[in-house]
Amino acid sequence: GENVEQHPSTLSVQEGDSAVIKCTYSDSASNYFPWYKQELGKGPQLIIDIRSNVGEKKDQRIAVTLNKTAKHFSLHITETQPEDSAVYFCAASTKNTGNQFYFGTGTSLTVIP
Amino acid sequence: NAGVTQTPKFQVLKTGQSMTLQCAQDMNHNSMYWYRQDPGMGLRLIYYSASEGTTDKGEVPNGYNVSRLNKREFSLRLESAAPSQTSVYFCASPSSGGEQYFGPGTRLTVT
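Sequences listed follow chains G and B, in order. Just so we're aligned: 303 in the working numbering is position 20 of the first sequence, and the numbers increase by one with no gaps anywhere. Just so we're aligned: 100 in the working numbering is position 99 of the second sequence, and the numbers increase by one with no gaps anywhere.
If we strip away everything but chain G, and leave its shape as in the complex, we get (with noise of 0.2 Å):
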């Protein structure tokens, strides 16, 4: 099946600079990477995904990149703010496993004032 891989496991930097997380995937089927963000005690929430059909997308201060050949994708945040502290899961899914998502084991990003 799908391996899904996370990196950093943990994240600090001071507001105002960016933040990169990087996931790499196994399976050359999947072709939808969704980004979830997780705040204490509540469920993951969709911040960004892209489709293996395109190679960027951005959405404000939150971007995703996808290169398929390297089967790796990465989660871009830039101009940081203390309220982006949380949780970040990268997943994978495709429709050849019944639409199974597949998760990284998560980034623990710290927005220092």
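Just so you know, these hints were derived from the structure itself, not from any lab. Hints should not be assumed to be uniformly reliable.
Claimed, not checked - List time: in silico SDA-like cross-link candidates among lysine to any residue, alpha-carbon distance up to 25 Å:
| id | chain 1 | residue 1 | chain 2 | residue 2 |
| --- | --- | --- | --- | --- |
| 1 | G | K325 | B | N29 |
| 2 | B | K15 | B | S97 |
| 3 | G | K320 | B | M28 |
| 4 | G | K341 | B | G98 |
| 5 | G | K351 | B | S97 |
| 6 | B | K72 | G | L329 |
| 7 | G | K351 | G | T388 |
| 8 | G | K325 | B | G98 |
| 9 | G | K341 | G | Q297 |
| 10 | G | K354 | B | G41 |
| 11 | G | K340 | G | T352 |
| 12 | G | K325 | B | T6 |
| 13 | G | K341 | B | S96 |
For this one, chain G is given, so just place chain B on it according to the hints.
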């Protein structure tokens, strides 16, 4: 429109007890999923239901059973709880486009 709701929010069980976690979605989605979340392991799929009347095993199904009661509801049952099932359980439902919506979670402790 509440999205995905789960009950209970917290539960403490003794080893060997049984319980059912409830999940409902009001988005008219076909698919529903149950995950468990453990520290350092991300989210792992327990069971999923691609449509009303169907269920399939995920990555970690042992010790669990599920019922897709109707299109809205998907329950997870622990017949004989074990300490290894201490975890946070999330129900989720993806849209037809693949965007997955999660419930608030159930924090279960088995002593």
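To see whether the hints hold, each was checked on the structure:
{"no.": "1", "hint": "K325(G) <-> N29(B)", "verdict": "23 Å, holds"}
{"no.": "2", "hint": "K15(B) <-> S97(B)", "verdict": "39 Å, violated"}
{"no.": "3", "hint": "K320(G) <-> M28(B)", "verdict": "21 Å, holds"}
{"no.": "4", "hint": "K341(G) <-> G98(B)", "verdict": "19 Å, holds"}
{"no.": "5", "hint": "K351(G) <-> S97(B)", "verdict": "23 Å, holds"}
{"no.": "6", "hint": "K72(B) <-> L329(G)", "verdict": "23 Å, holds"}
{"no.": "7", "hint": "K351(G) <-> T388(G)", "verdict": "21 Å, holds"}
{"no.": "8", "hint": "K325(G) <-> G98(B)", "verdict": "23 Å, holds"}
{"no.": "9", "hint": "K341(G) <-> Q297(G)", "verdict": "22 Å, holds"}
{"no.": "10", "hint": "K354(G) <-> G41(B)", "verdict": "22 Å, holds"}
{"no.": "11", "hint": "K340(G) <-> T352(G)", "verdict": "17 Å, holds"}
{"no.": "12", "hint": "K325(G) <-> T6(B)", "verdict": "12 Å, holds"}
{"no.": "13", "hint": "K341(G) <-> S96(B)", "verdict": "21 Å, holds"}
The structure shown violates just one earlier hint, number 2.
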